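Undergrad: Here is what each chain is made of, one letter per residue.
There are 4 protein chains.
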Amino acid sequence: MMDYDYKLELKVRDYECDMQGIVNNSVYMNYLEHTRHEFLLGKGVDFAELAKNSVNLVVVRAELEYKFPLASGDQFWVGLNLVQSSKVRFDFLQDIYRCGDNKLILKAKITGTAVNQRGRPYVPDEIKGLFKSEKE
Amino acid sequence: MMDYDYKLELKVRDYECDMQGIVNNSVYMNYLEHTRHEFLLGKGVDFAELAKNSVNLVVVRAELEYKFPLASGDQFWVGLNLVQSSKVRFDFLQDIYRCGDNKLILKAKITGTAVNQRGRPYVPDEIKGLFKSEKE
Amino acid sequence: MMDYDYKLELKVRDYECDMQGIVNNSVYMNYLEHTRHEFLLGKGVDFAELAKNSVNLVVVRAELEYKFPLASGDQFWVGLNLVQSSKVRFDFLQDIYRCGDNKLILKAKITGTAVNQRGRPYVPDEIKGLFKSEKE
Amino acid sequence: MMDYDYKLELKVRDYECDMQGIVNNSVYMNYLEHTRHEFLLGKGVDFAELAKNSVNLVVVRAELEYKFPLASGDQFWVGLNLVQSSKVRFDFLQDIYRCGDNKLILKAKITGTAVNQRGRPYVPDEIKGLFKSEKE
Numbered sequence: 361m362m363d364y365d366y367k368l369e370l371k372v373r374d375y376e377c378d379m380q381g382i383v384n385n386s387v388y389m390n391y392l393e394h395t396r397h398e399f400l401l402g403k404g405v406d407f408a409e410l411a412k413n414s415v416n417l418v419v420v421r422a423e424l425e426y427k428f429p430l431a432s433g434d435q436f437w438v439g440l441n442l443v444q445s446s447k448v449r450f451d452f453l454q455d456i457y458r459c460g461d462n463k464l465i466l467k468a469k470i471t472g473t474a475v476n477q478r479g480r481p482y483v484p485d486e487i488k489g490l491f492k493s494e495k496e
Numbered sequence: 361m362m363d364y365d366y367k368l369e370l371k372v373r374d375y376e377c378d379m380q381g382i383v384n385n386s387v388y389m390n391y392l393e394h395t396r397h398e399f400l401l402g403k404g405v406d407f408a409e410l411a412k413n414s415v416n417l418v419v420v421r422a423e424l425e426y427k428f429p430l431a432s433g434d435q436f437w438v439g440l441n442l443v444q445s446s447k448v449r450f451d452f453l454q455d456i457y458r459c460g461d462n463k464l465i466l467k468a469k470i471t472g473t474a475v476n477q478r479g480r481p482y483v484p485d486e487i488k489g490l491f492k493s494e495k496e
Numbered sequence: 361m362m363d364y365d366y367k368l369e370l371k372v373r374d375y376e377c378d379m380q381g382i383v384n385n386s387v388y389m390n391y392l393e394h395t396r397h398e399f400l401l402g403k404g405v406d407f408a409e410l411a412k413n414s415v416n417l418v419v420v421r422a423e424l425e426y427k428f429p430l431a432s433g434d435q436f437w438v439g440l441n442l443v444q445s446s447k448v449r450f451d452f453l454q455d456i457y458r459c460g461d462n463k464l465i466l467k468a469k470i471t472g473t474a475v476n477q478r479g480r481p482y483v484p485d486e487i488k489g490l491f492k493s494e495k496e
Numbered sequence: 361m362m363d364y365d366y367k368l369e370l371k372v373r374d375y376e377c378d379m380q381g382i383v384n385n386s387v388y389m390n391y392l393e394h395t396r397h398e399f400l401l402g403k404g405v406d407f408a409e410l411a412k413n414s415v416n417l418v419v420v421r422a423e424l425e426y427k428f429p430l431a432s433g434d435q436f437w438v439g440l441n442l443v444q445s446s447k448v449r450f451d452f453l454q455d456i457y458r459c460g461d462n463k464l465i466l467k468a469k470i471t472g473t474a475v476n477q478r479g480r481p482y483v484p485d486e487i488k489g490l491f492k493s494e495k496e
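Protein chains in written order, with our numbering: chain A, 361 to 496; chain B, 361 to 496; chain C, 361 to 496; chain D, 361 to 496.
Bear in mind the hints are in silico, worked out from the structure with no lab data behind them.
Hints are supplied without guarantee of correctness; some may be wrong.
Same chains, same names: a pair is fine if it fits in one copy or spans any two.
Said to hold, decoys possible - With a Cα cut of at most 27 Å, we get these calculated BS3-like pairs of lysine-lysine:
(1) LYS427 / LYS412
(2) LYS403 / LYS467
(3) LYS427 / LYS367
(4) LYS488 / LYS469
(5) LYS488 / LYS427
(6) LYS447 / LYS371
(7) LYS463 / LYS371
(8) LYS488 / LYS367
(9) LYS367 / LYS463
(10) LYS463 / LYS412
(11) LYS412 / LYS371
None of these values were measured; they are calculated from a predicted model.
Next comes chain A alone, as it looks inside the complex:
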């Protein structure tokens, strides 16, 4: 298992499960987003505040590998690492594990950028300070 900069523990809610009795595929995107925003908030970067000021953090690409489904009653945790992937892009490497047995549920790479008031992508200084340095 990787080392993670940040971890968030959550629990499946029954309304998130679909007729197959497992968490619907789209809901993992919610888990991942919430984890990113909590991570950022803990670092002093408030997604909602930025949006109000017309600095929009946006996702430009998402890759998800579904390994095993979560079901009703499951507790799980999301691990997150943030790396810069280009001049104007950053990747959130996010993995979901079931609590208890640490079974791997999902691996994701969510690529984001920020768009300023004039619609130009850039990496805000607040985000730059969060990148895992290569030596660590």
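Fit chains B, C and D to the given chain A structure using the hints.
TA: Then chains B, C and D, alone, in the frame of chain A:
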């Protein structure tokens, strides 16, 4: 403030907010359902297990009073009382308060019943044991 | 069946169904909201545009009677009437019927108001023009 | 623009938009799933019916490129092609375009398999018959 049989603390997730910047009205139904299921689970009544055995707990009526909206970053708690309202129905009285200042956010009465394999409404014994006795 | 000012036909999407194999209770709130917004838009009242201008249409109360569940594959229509219920409030009477057999699925009364930039409730003139006159 | 085996036209619903005033990233997964299920249903493959019989169509991988956001009022269409990608996997190539100007909104590759009652992945005959032949 009322006394509650059960309380659950949660936090607003940004994807639950809509373009008005506040939690969408439908999402409170999610909060309320999750709280009911957690309450029941704590009492040994597993909604998912029951559904698998074709005993379906169903909502027949919902009344919600929206007092004040939740927004990004808000923590809140849901208080719950369960009372029998008729031979085959029970009411979940559920109120949502913002943490910190205990501002009242929403008052709800969710009326449920159980439907057995033959589609007949009834109150399962597991649920009956949960009603707040009148003298308390 | 009542006469309705407006009708919208929709179809159940599988992700809207939960582990009971039926549309989750909260999703009907989505159907009702979408129908209200489409009705308003058809009358020239744009919810999103109003929100951008800090005129927020808000729900203050919701009553829902769940009569029969919708399931995967079901088509349904939502009927809507709008009436003024007080000086600053208006009621959307909204019923959902399954297509084909017109089986009644849900009856709802959604009470709304508008809140202006200073947080005061009122009924905007654009809304007033939409009320069903009593004589009709 | 590619040729598509199947197209579905939909409209953004306001509750699908988040505080940035645009459709939330997770909602595109809903659009894509609904389009796949409608495509399959039109070919006689009923996702819900299969699930009831413990044949579960599952997503094992998703790649999404977010090109431009959808917003309130937007109509859009989803184009779909289905190709076999390995012995036990198939890819849904799904692109979303805004109606009117055919602006590209999202490109996705959703990789699925089917899991039988014993949990083994395979491609059901009903699905095999749907693959675009290479010569077309």
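Undergrad: Next step is simple, just say for each hint if it's right about the structure.
TA: Hint-by-hint comparison with the structure:
Proximity of LYS427 and LYS412 under a CA criterion of 27 Å is satisfied inter-copy only: 22 Å between copies versus 36 Å inside one chain copy. For a Cα distance limit of 27 Å, the shortest separation of LYS403 from LYS467 inside one copy, 23 Å, qualifies, whereas the shortest one across copies, 32 Å, does not. In this assembly of identical chains, the alpha carbons of LYS427 and LYS367 lie at most 27 Å apart only when taken from the same copy (19 Å versus 29 Å across copies). Taking the closest pair of Cα atoms, LYS488 and LYS469 come within 27 Å of each other only inside a single copy of the chain (18 Å); across copies the shortest separation is 30 Å, beyond that limit.
For the homomeric pair LYS488 and LYS427, the shortest alpha-carbon distance between copies (23 Å) is at most 27 Å, but the shortest distance inside one copy (31 Å) is not. Within a single copy, LYS447 and LYS371 get their C-alpha atoms no closer than 36 Å, and across copies no closer than 34 Å, so neither meets the 27 Å cut-off. Within a single copy, LYS463 and LYS371 get their C-alpha atoms as close as 15 Å, and across copies as close as 26 Å, so both meet the 27 Å cut-off. Taking identical chains as interchangeable, the C-alpha atoms of LYS488 and LYS367 lie at most 27 Å apart only when both belong to the same chain, with a minimum of 20 Å there against 40 Å between chains.
Taking identical chains as interchangeable, the C-alpha atoms of LYS367 and LYS463 lie at most 27 Å apart only when both belong to the same chain, with a minimum of 15 Å there against 30 Å between chains. Taking the shortest Cα distances, LYS463 and LYS412 sit within 27 Å of each other only across copies (24 Å), while inside one copy they are farther apart (38 Å). In the homo-oligomer, the alpha carbons of LYS412 and LYS371 lie at most 27 Å apart only across protomers (20 Å), although the nearest pairing inside one protomer, at 30 Å, exceeds that limit.
Comparing the model with each earlier hint shows a violation of hint 6 alone; every other hint is respected.
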